[in-house]
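Based on the sequences and whatever the hints tell you, model everything.
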Amino acid sequence: MSRHATRWVAYASPPNLYRLAGRLVPWFATSAGLLLALGVFLGLFVAPTDFQQGDVYRVLFLHVPASWLGMWLYLLLGFYAALGWIFKARSSSMMAAALAVTGAMFTGLSLATGSLWGRPAWGTWWVWDARTTSTLIPLFLYVGFITLQSAIDDPRRTDRAGAVIAVVGLVNVPIIYFSVQWWNTLHQGATIRVAGETTMPGSMLTPMLIMVAGCWVYAIAVVLVRLRQLIHRRESIDGGLHGS
Amino acid sequence: MGHDGVYVWTAYALTLAAMAVEVAVLLWRSRSGRVDVVPGRDLKRER
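Top line first, the protein sequences correspond to chains A and B.
The first sequence maps to residues 0 to 243 in numbering that gives the first Met the number 0.
The second sequence maps to residues 0 to 46 in numbering that gives the first Met the number 0.
It should be emphasised that the hints constitute simulated quantities derived from the structure, not laboratory data.
Ideal Cβ positions, reconstructed from N, Cα and C, are used throughout, including at glycine.
Quick look at which bits of chain B chain A covers, simulated, 3 or more residues with Cβ under 8 Å:
| id | stretch |
| --- | --- |
| 1 | 2 to 8 |
| 2 | 13 to 25 |
Quick list of simulated restraints, FRET-style, between CB atoms:
| id | chain 1 | residue 1 | chain 2 | residue 2 | range |
| --- | --- | --- | --- | --- | --- |
| 3 | B | Ala17 | A | Trp26 | 18 to 24 Å |
| 4 | B | Ala19 | A | Ala11 | 28 to 34 Å |
| 5 | A | Thr29 | B | Ala17 | 16 to 22 Å |
| 6 | A | Arg22 | B | Gly1 | 45 to 51 Å |
| 7 | A | Phe177 | B | Trp27 | 39 to 45 Å |
| 8 | A | Arg156 | B | Ala19 | 31 to 37 Å |
| 9 | A | Leu33 | B | Ala23 | 18 to 24 Å |
| 10 | A | Arg155 | B | Ala19 | 31 to 37 Å |
Here's what the structure looks like:
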């Protein structure tokens, strides 16, 4: 194994990961504060009023990042839970556990801000269409995963049981993403595309992308802090920190 | 912001409050001594 690869594998060790996370948290936390403050200011006071929706579209500067984060954090949760399950990697399982609360929060915010936008735009708080329903499912999966974490005392059994929920739930991620293409839904299609033309003017796209970046670095900061808490608690209980 | 302003302000207040609560809980758990999460602190040195 090359020296470069060996250095990265070394971070799989909980004490090394604890130290690395501690170094990164201040940078991500500071960036999150600056980006979120700038994004909220641009979204509320600088972005122009939409000629069709008026000012209510400003909710989308929160709804879109929250929806993306809820979906991507679930994808990461499933990935790390599967790694922990297959390779019995403690750090991966702890990373999955650290992601769950923040993922649940963003999924809940996606649904709440979607309702707050839907009431004036669609005339209803909620519709059981493919996108909203497929976004509600991971919220239940997140809650189930978090409940398991506190329900079972043995961390190894907790990790295995949580991994089953997390991996099964991965099936739902492409359903969320493609739901607006596969079914006729009230929810609009993708406005921001990685491949293809983005149908949003720059004056609206800039605050949107700043809020997306702000939410990502916020999520990374809080997940790293929670990861450190989990490493400290679990490794102290297992004796791993004192035995090596 | 017109009569739709209430939806916009509620959404922003809700989002920022949720983030503030999450951060407050993490800080409370570290400050109350339940776990130590001081950034940069080295576990190996604590052993």
